[in-house]
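Place chains B, C and D on chain A using the hints.
Number of protein chains: 4
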Amino acid sequence: MIRFDSDYMEGAHPAVMEALVRNNTVQTPGYGEDEFCERAAALIRERCAMPSAAVHFLVGGTQTNRTVIVSLLRPHQGVVSADSGHIAVHETGAIENGGHKVLPLPPKEGKISGRDVEALCRAHFSDASFEHMVQPGMVYISNPTEIGTVYTRAELQELYAACRERGLPLYIDGARLGCALVSSVCDYTLAEMARLCDVFTIGGTKLGALFGEAVVFTDPSLARDFRYFIKQNGGMLAKGRLLGIQFEALMSGGLYEDIARHEVDLAMRLRAGLKDKGWDFLVDSPTNQQFPILPESVLDTLSGDFGFSRWQSMGGGMTAVRFCTGWAAAEEQIDALLARIPEKQP
Amino acid sequence: MIRFDSDYMEGAHPAVMEALVRNNTVQTPGYGEDEFCERAAALIRERCAMPSAAVHFLVGGTQTNRTVIVSLLRPHQGVVSADSGHIAVHETGAIENGGHKVLPLPPKEGKISGRDVEALCRAHFSDASFEHMVQPGMVYISNPTEIGTVYTRAELQELYAACRERGLPLYIDGARLGCALVSSVCDYTLAEMARLCDVFTIGGTKLGALFGEAVVFTDPSLARDFRYFIKQNGGMLAKGRLLGIQFEALMSGGLYEDIARHEVDLAMRLRAGLKDKGWDFLVDSPTNQQFPILPESVLDTLSGDFGFSRWQSMGGGMTAVRFCTGWAAAEEQIDALLARIPEKQP
Amino acid sequence: MIRFDSDYMEGAHPAVMEALVRNNTVQTPGYGEDEFCERAAALIRERCAMPSAAVHFLVGGTQTNRTVIVSLLRPHQGVVSADSGHIAVHETGAIENGGHKVLPLPPKEGKISGRDVEALCRAHFSDASFEHMVQPGMVYISNPTEIGTVYTRAELQELYAACRERGLPLYIDGARLGCALVSSVCDYTLAEMARLCDVFTIGGTKLGALFGEAVVFTDPSLARDFRYFIKQNGGMLAKGRLLGIQFEALMSGGLYEDIARHEVDLAMRLRAGLKDKGWDFLVDSPTNQQFPILPESVLDTLSGDFGFSRWQSMGGGMTAVRFCTGWAAAEEQIDALLARIPEKQP
Amino acid sequence: MIRFDSDYMEGAHPAVMEALVRNNTVQTPGYGEDEFCERAAALIRERCAMPSAAVHFLVGGTQTNRTVIVSLLRPHQGVVSADSGHIAVHETGAIENGGHKVLPLPPKEGKISGRDVEALCRAHFSDASFEHMVQPGMVYISNPTEIGTVYTRAELQELYAACRERGLPLYIDGARLGCALVSSVCDYTLAEMARLCDVFTIGGTKLGALFGEAVVFTDPSLARDFRYFIKQNGGMLAKGRLLGIQFEALMSGGLYEDIARHEVDLAMRLRAGLKDKGWDFLVDSPTNQQFPILPESVLDTLSGDFGFSRWQSMGGGMTAVRFCTGWAAAEEQIDALLARIPEKQP
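Chains as they are written, first to last, in my numbering: chain A, 1 to 346; chain B, 1001 to 1346; chain C, 2001 to 2346; chain D, 3001 to 3346.
This is chain A alone, in the form it adopts within the complex (with noise of 0.2 Å):
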């Protein structure tokens, strides 16, 4: 069985394993206030030049979503999102169970505009019973989105100048933002994007880490407080110092972008060789996320030696799947699957 379900199915980059068993024996103090963490802040800092951004580390993607949306909302502000976006779908209603809606947006390719963000704030504001529904607090998107796209350098500037206008502070929701990043789309260096949004996080979890999710909040006075919102919500590790050492591994020597780079050139590859087959895809996706569209009589043929998903069905006995390439991926596997994927039929 060769798992292309996610890019989870696999423990740590070694690089990263290597520094959890280099320093293990280490005394540090708990809950993140120790060296690790600090020289991996300042890393992130330095990579995003912004010497002021506020740095924090959490255990998983949810928790992290949960806790920066409920740590800048007020009760009666919800969160506007794509209505495919990782915290409206899949986080099993925790930012409801925070307190807060979602106000979904219809998204295209998995992306929401500043136009859309303008024409919700401007339906809310001028309707005379305003106040019997939740005002828009904050805009949420993820990069890459869910179905693999990437933002680009002006999409973000639009949709940033739109928060901006209404007084909304950007998250952007960075999970497999190093797949962005480096995909051949991206017109804009992290510390680019760094300047175009209030938060992001940096997700380590799908790029080669145990688990963790590096949080900047490029204003830290947004942060204020934010490592008790942490401990609320259940995301404050006692051995925090696991997150700095995964983090300083991975944003030390281009570690990160290594990894991203290799996740895409996977899925490039695959992407390639489904394509030359003649298949097409749900989406144009130019990250570590590959949506082909498939018959139903050669799902089932795979489905004994390779995981992947099923994520749409499109009619007429085709099905999109989603295939992830992970840290651990390699050529030998795409190419084996690509060997029992047989020519389009025209």
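Calculated lysine-lysine pairs in the DSBU-like style (CA-CA distance at most 30 Å, straight line):
no.: 1; chain 1: B; residue 1: K1108; chain 2: D; residue 2: K3108
no.: 2; chain 1: A; residue 1: K108; chain 2: C; residue 2: K2108
no.: 3; chain 1: A; residue 1: K275; chain 2: A; residue 2: K108
no.: 4; chain 1: A; residue 1: K277; chain 2: A; residue 2: K108
no.: 5; chain 1: D; residue 1: K3275; chain 2: D; residue 2: K3108
no.: 6; chain 1: B; residue 1: K1108; chain 2: B; residue 2: K1275
I should point out that these hints are in silico values taken from the structure, not numbers from a laboratory. Just so you know, these numbers come straight off a predicted model, no measurement behind them.
Positioned in the frame of chain A, the structure of chains B, C and D alone reads:
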């Protein structure tokens, strides 16, 4: 600097670390639905002699307490706890944030009794305005307690009988459970304790794991839909295997007890040494937390070289401090500490 | 200015007001434990032919919806509702503030069907990641709906069968229930409707009371501890007698139906008048809310002298507006309005 | 049966009732945006000599406390209160249900001091684990307190100074505020008290209204978006005019003070009568709640004919009970009660 601040100052026990490294590249499904978690759960059910127990793994203690408690209460109910209980004091109001009041009882040596619980319930239900007050909905204890004391079998029996009489689930927070079980005062086994409560945890973080708490529902009907709760509360680890691998290692070949015994043995060495020197203790703890009462002048000379926590000022220049021994504590460290503490002047 | 903005533009029906004045100085216990509430509840149980139903009185609609819904759901569950449902749109996220997602279904003429509910449940439970999504936990409908339409007996039967099949309580928000029951399309009695759901409300505010909603749990076991919930959610009126006095008046001698009939008759008079003049309607409403589609030029001439709500722009200078008739509406008011609306030009 | 159980045993003061009847058929906009609410708010601002104060009207006390408190706190913050405070004891955990811990202080005669608050804050912020504990976020007091005592000007000044020093809004629950203001020990006016806090309420329910609490934000910036909060918390009355009409009546021509004076005068008559007979009191209350300590044998003879609340067992067969006088209490009722209570035997 030798740190006795707490039992999470280092990484994992070498055997746990080795298991993580050894299985690093094995591919598994995510979110705890892997073979490691399955085997670890089976080992725990076996150790509890409870084939039908429901076992789940979460990352941290606050997260676990919050998730278990919100899954068991209805909104108008609160959780009864010693006023010194971890949930009452040191979880940044995670329980209240989840919507529930912690109903405090004054403990004796960190422990509460069935009689206390019954009195609280009687007071509630006999009050004319009972519907204007939070209804007791479950009972929380920690074992060992926050000050290292251990419930006896008779105490647990009396408490559990009171809980069952009132229909209140009893939840035991076993963040340091191993240390209770191996302590000289403990007169029950894990399997026996499992029959004296409805839910309990087996803490990994403080007993040799990088992180991880196993939750054991002795009545599996209480665990209905619990995985939804784990996800909603941000405790579902993408690489859930990490919890399975660690608990499989801990639950195999007596490692968990060996680590607990090591921690407690070293704590007893420290206790004996301090007693020999004539010092008193805040409480007589048979586990890996020791609370000697020392003069500020002595503490000042220690504080550059040894880590510990100031627990409570006792007046007259005396302070109760906490020394805590983890899996990596060594006899030489204890002896080095003892060497720096003078005999008490009569 | 003649206000058709809504059905809460005046105080109470004279008979209700008279009862309040008459009983003003009678002394009673507080918090709804008085003889008036008891008698009003008995009248409702009798009208429902349900001797075992649990009846409670709350002040307002949002409060009632919030209190009922949080009492029925566990934290990981959401409430299924038409996306146009009052709880989904016009309660400032009270349900989400209580921790629950509203799971929206696209309605037909404001109504949802058992088939819709079954499809949503099947999609949920057949998804591989179902535990990452909010579980459907109950179903909410309003009758009449937010656009005045009324469920038929067959529709309620089909919906309730689907709910029971899935174990989902069905809750009917009857803020304007009287208007549904007296409408020409209604083919069931109150007692019959009570057998087609698990909880419903009989709205007072919009049918002649100063305020007040009666909640009827047809299965009293669902009402366990409900008074705690009323108190916790701020709905327990100190002088609870006010609710009992009003509902006793409304439920005696057919007053509730008389008021409903008056409201609907006047709305029908308006509808007939507008139809005669050739105007179209957004929806064919048989109750006290009417949604004609009128030109902006006409609305401009009306807006100084008549109150109404702009509901939806229809394009081409046409707008659907809402006229709503309350207990105090008078034929002359309807005729005055009609006199100011010209015939539609062909 | 003559009820002294509480001050909400009857309906409204005749003048309030008369205003409701007189304005019953006037048409107004809903949800508190009517001319009555406007005039009532203007009268309150005038009485407070605070032209910029933000004034809102809600229905009940628990609802008001919950709504104000959740609007002022961030999720990691708690509200400091006497452990006997209404929010700490008698609101079914509405504050915790809203996500916040009530941080209890032991009161003296029902009151807390600035020194208490400062000590609690110092303890919090000087603790090494402060981020693991709930942060004090605001201070709640009731005036008069739950046992009828009244803050002096000096006490309020000292408390407010401590609050401002720590940046904590001070909120005064004035459910029976009128009784404090007219009491013999009160050395400030309403306008003066308004300058010694950030938010306070003027209770109507217990001072002659059918229901209703006016919330006064002395700093209007704290009231930002408060109407959203009222709606979300179920406190926005459709016929909001009812609150405006009642408060306009109460705030006109000194009616509110007249009612308060009546209530307090009758309570003083009762107090004097009981003192003459030699009875002791739980506390020396200068307002409309009196807490004499009486033998069970006497209480038994009273309980068929008089309503009162058993407050606290004092041992030795003695019980402190509460007698409460409302707007409708009459001298003859007091005298009838006194006639039935014997002199204390020496």
